[in-house]
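Engineer: This is what each chain is made of:
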Amino acid sequence: MRLLELGLVRFGGFTDRVLDLSAPGLHLVFGKNEAGKSTALRGITALLYGVPHISADAYLHDELLISGRVRADDGTELSFVRRKGRKNTLRSPSGEVLDESALARLLGGVGQGVFETTFGLDHERLRRGGEELARGGGEVGKSLFDAGIGGGSVKRVLDELAAEAERLFTPRSRTRGINEALREYGEAVKRVRAESTRPEAWAQQKQALEAAQAELGQIDARRAEHKRLLAAAQELVKVLPLLARREMVQRVLEPVAQARLLPDDAEARRTALERELDATLHDARALAEQLAEIERGFAELRISDELLLLDEARVDALHERLGQYRRDRVDLGKRRGELLAAEASVRRRLAALGRSLADDARTLVPRRAEGARIKALSRERAKIEAELGQARQREARVRAEVAELEASARAPLPELALAGAPPDLLDRALPSLEAIDEFARRFERLERDRDQLAARRTAIEAELDRARAELTEIQLAGPVPTEAELARARAERAAALAAVKAAIDAGREGAAEALAELERLERAADEVSDRLRREAERVARFGASEARRRHAEGRLAGLADESQALHAGAAELDRAWQVPWAPTGLAAQSPREMRGLCERLWRARERRAEAAAALDRARASLADGSRTRAEHEQALEAWSTRWAEAVACLGLDRGAAPEEADDVQAALAELGTELDVADGLRHRVRGMEQACEALEHEVAALIARHLPTLASAGDLEHQATALIQQSRQNREAARRRADLEARRARCTARERELGAARQILEQGLERLLGEAGVAQRSELAAAEAASKARRRAEADLAEIDAALRELCGTADLADVRARAAGVSLLDARSRVAELEEALQEIDAARDDVRDRLSQAARGLELFDDRQTAADAQVEAEALLAKIRTDAERWARVTIAWRVLSAEVERYRATHQAPLLARASELFPRLTGGRHARLAVDHDAEPPVLCAVGPSGDFLPITSLSDGTRDQLYLALRLASLEHYAGVSEPLPLCLDDVLINFDDERSLAALEVLAEVGQRIQVLLFTHHEHVVQAAQAAIAPERLTLHELSRGGAQPNALPALPA
Amino acid sequence: MKVVHAADLHLDSALGGLERYEGAPVHRIRGATRAALVNLVDLALDEGAGLVLLAGDIYDGDWKDYSTALFFRAQMLRLAKEGVKVVWLRGNHDAASHLQQHLDLPAAVSELPHKRAGSLVFEELGLAVHGQGFASRAVAENLALAYPEPLPGLVNLGMLHTSVTGREGHASYAPCTLSDLVNKGYDYWALGHVHQREVLSEAPWVVFPGNLQGRHVREPGAKGATVFDVSGGRVGGVEHRALDVVRFGICRVDVSSCASGDDVLGAVRDALTAAVAGADGRLLAARVSIEGSSAAHAELSREAERWVAEIRALGSELAGDDLWIEKIRVATRDRVDLAELCARDDAVGQVFRGLQALRGSADARDAITRELSALGSKLPAALRSGPLSLGWDDPAALDLLLGDVEQLLLPRLIGGGDA
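These protein sequence lines are chains A and B, in that order.
Mapping of the first sequence onto our numbering: position 21 corresponds to residue 21, and the numbering continues sequentially without gaps.
Count along the second sequence from 1, then add 1061; that gives the number in our numbering.
FYI, nobody ran anything at the bench for these hints, they're computed from the structure.
Please note that the accuracy of each hint is not assured.
[Said to hold, decoys possible] PhoX-like, lysine-lysine: derived pairs with alpha carbons at most 25 Å apart: (1) A:Lys206 <-> B:Lys1176; (2) B:Lys1176 <-> A:Lys190; (3) B:Lys1063 <-> B:Lys1125.
[Stated by the list, open to error] If we take Cβ atoms under 7 Å as the criterion, some of the chain B residues that face chain A in the derived model are: (4) Gly1092; (5) Glu1401; (6) Ala1443; (7) Gly1447.
The structure presented is a predicted model; accordingly, all values stated were derived computationally and were not measured.
Where a beta carbon is used, it is the ideal one built from N, C-alpha and C, also for glycine.
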């Protein structure tokens, strides 16, 4: 089947792109990267087999559509379109749904997978095919088979199958999957057997258990009988002592059996009543004694009611004042003497001051303020006099300073000792130092400019000399033609030509000469022109030198101007320098000298100003000093007036010295002190006398009211003391009387209580007599003892009977007593020991049987809930499942390997001859004659494919280069396809850049071969590479080659751009 | 009064076909048949049943561990203690088993005779049970014909271990027809032997309760016992109760529309999710059978081991300990038209023609059998004959094997050679 036309209507980046593939021979489809080569290849598959659901080519168009036209070998043609979709994707060009079978018939039943592997080949698969050939060592069968199936490697498939089979099982291994599982399975089955228990084993164990149970039953019966006997013997051992004791108790009970039973607490109650009655009687006696003593106390008391009226506080105050009275009486005499002495001292002091007592002595004493003022004035006078002295000294000193400064101001200045300097030079205007410095800088700059000018002039003159020397040198070699000369010559020639024309026009004679002249000028102009060209280098050098000379001369002229300007500037500067010095009358020297002079003058001027200022200050100071001195003198005068006023109170006048005033003042102050002492004493004596009198009046009044018996007895002190003492005794007696009354009341009450208690106690004792049935209290104790004895004996009897009851249970006690009769305790005990021994023996035997019993039970339990055998069986089943799965897999891969190996060999046997023959033709052509043919090396086992070199030597495939192996694989593939075409209808062979690893020579050869194959099978070669296109155009006759170019832009059917030749 | 009817306990018969793999819940399959019996006893006690009928095959014929019988006895004691009566008869397996010896079952447990048909009358329950057990492992005669006539005034129950007219996968023992049973005049026929539950008739009731616990993937679905009510001299309220602890199931996954291995995993996930949900919380032992002509065939075939591991991991992820992937069978087919492939006179056509040729040739089959005997001779007997046999000497099985080989080779020889 051939694909006559492929229309990429809406597919990938293509829109309405149609490839006409109907011509025979090779179709070469060229597209640069991104031009859609791969898209077009996919388009072919999609056209024939449908568009995949997930397509890389649906990014531009929503509904993909490819059209095609195919023709079978029998001439049947089919035009159709293919849509993307899940069903009804094959349609006629007019849109009717077509049955897939219509196309499938034309495809010869080749499915998509087979189409892609058998009829598709790209350089990657080509390379892999070559590699697989080498890997398989060129084994003939596999090599032919691989080339036959088109993709993959049968060797690899066989190896994988063999490896998997071996992994699963090998007959002698123990560790392969199945081998190991078989071993484990065997072990699990053994375990099942080992863990299975037999019915007989269980029955045996059960019998053992039952036998032990029977034996245990017998032993238990014997044991019970022994236990019963032992219990009876043990009972007897306990009963015998009880019976003996019972008899004894009955003997004790007999005498008191009829005694009246008193309550348990009868004795306690009686003794308590008796004890309390004794205590009550004793208390009553003590109480009577207390009352008698109280009555005696009353009889001893003596109390005055008048004295009780005298307040206790008042008595205490009187007692205190009496002490003060005694001290005042002693002090009064002493103070009166001191007063007399003080008054005498005052009189003496007044006399010394020349005054009498008649004067009011108090007025003589100056007041405190006056004394202070006199003292302050004394201090002020000393201060005023000291300041006045200082002021006078300072005035004299300043005056001397002024005289000295005035003398120095009149002396001449040394700086003015310059010849010709005017005397008032310092007062004239002097130029500033900054102005002089500016002039100095301008003079320096002028000097520097002069130096530079001179240096430049020297340089230019040197350049000028060199230019002139070069010009001379050039001109010595003959005149140099110039453009000007040429222009001139041409002008002359033009003029001559005009003259000739004029002459000709005028038909004048001489035209011949003019023409001759024209010719000469023509030649001259040409010569100049020629020379200009010929001597271009000289002309250029001449021109350059000339230009340099002119330039240097021009620059020299410029320098003269600059020099002139410099001179003018110097003169101007000199003039300007003289100007500031004119007012000083000094001749201007160089700026440096004038600056030194000027500095000195400025300094002299400053010094003179400073001296004048100092003199002014001294004079002002002198005026100040005189004024201060006068002020101090005035102050002294004012003080004298105030002093006279102050000392007048001392009886002194203005002339009194301060020391004198101080003495008088001291004497008057002492007088004042003595007067104060005398006044104080007098006042005190009067106060004491008044206090004594007041007390005497009060004591007399108290005696008269409260204790008149004492009115005439002794002095005040005696009366007062007696009053105080008697009043206090009387009050103490009254307090004792109150105490006694209270005690008597309490005793009387207690006496009543004791009487009532005694009555109750005696009634209690009467009741006890009644209960005991006796008349006298003395009989009570005996009655109580009899009651107690009876009660104890009866209790003992009850206890013994209870113990017997407990021991004997429900047995009649009479029977028990009967059984015990005649049996001794000793006999009973030895019977017990005998029975206990026998029981121990029985128990030992019983333990033994019980051990056997539990052993048998444990043995039986082992059968219960046991499933170890079942668990092992589970294990075995799991292993069996695994073995089965693995064995199935092993069988599949083993048979697959066997069948495939056999078929590969069969394929070789039937196809080797024709395939190898054709491949052997193609291979030398594809390698550019580097190899002669292909052959089979039958010496190898299995036989292998070899390339045969030009000299007939066999080259194993592993020794071939990668490229040559690719070509060998291509030769085998093409041979297989041709063979296929011989027996079935082939589909178009779609080659994707298979030649990119071929060199130019082999590419040419391969393209020729493909063009040849293309005569029988449709061959579509897709490429990115221009050189392949060029090679095809060079190698293949145009009628066997159709070129197509892909580009996204639009349809360019069968039109290739002009490719470089 | 309730009666519980069970059969085919096959105690301690191991669950078969469960391949071990990492993460498989091994602990949950141990003792499954015992657990199912415990469930049966619990059911009888919970329902307050007066009678339990066990219609044969309590044991597995060749199972020799006496612990199994003792376990059965312990469970019967539980029933006896609560006053529940039990009637059982021997099935073909019990006849072959030695586990009955020395076993002292409680008095409340009665066995029907196996030398001739007999009856047990339970006046207090108002019913009579008739039947005959198997005297030997293979009973070929129709036992039902000799069963006693129904007793008037009582509800008559017949017990029989039989394949009736024959059931697939079950040996034909004590054959009879349904009319033999129906015409007997009994009220209920409690049958055993066939492991698939089946109600043959409802008037009177003729019931196979199926076995108590499925033992391999050929016994799929819920397994258990039948409970019915006897009152007023009539049988009613017949119900099936699931008592199994492990449930077998086959997940058939059609992957025709799957384009890749991942699509296949998705389809398997859906199928397993549904199957686990239908297992009533029991451990599901699922066989995953991936079928159909699929674009994913090549991927599945080339990396067979990988996809098995993926599906097992998926099982663990989906249901953890509640799911055991019993086996994964990849039975997909390539979409290539084999007939057309065989018609091609090229290398690939040669191979598949060769395979086709093998199928028709007895010599070729013999050669294959010889080839496989390297392993076949070492396999355990269970895989050489019987239900688990690999059948490497069986023409039909070998044809299937060759079909598998075809599907194995197809993706490796065509389809881009990117293996």
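Engineer: Does each hint fit the structure? Answer for all of them.
Structural biologist: These are the hints, each one checked on the structure:
1. A:Lys206 <-> B:Lys1176: The hint is violated at about 29 Å.
2. B:Lys1176 <-> A:Lys190: violated, 36 Å
3. B:Lys1063 <-> B:Lys1125: The given pair, whose Cα atoms are some 34 Å apart, is violated under the 25 Å limit.
4. Gly1092: Where the cut-off is 7 Å and the nearest Cβ of chain A is about 5 Å from Gly1092 of chain B, the hint holds.
5. Glu1401: Given a least distance of 3 Å, the restraint on Glu1401 of chain B holds.
6. Ala1443: holds, 6 Å
7. Gly1447: This hint is violated: Gly1447 of chain B lies away from chain A, its Cβ roughly 11 Å from the closest one there, beyond 7 Å.
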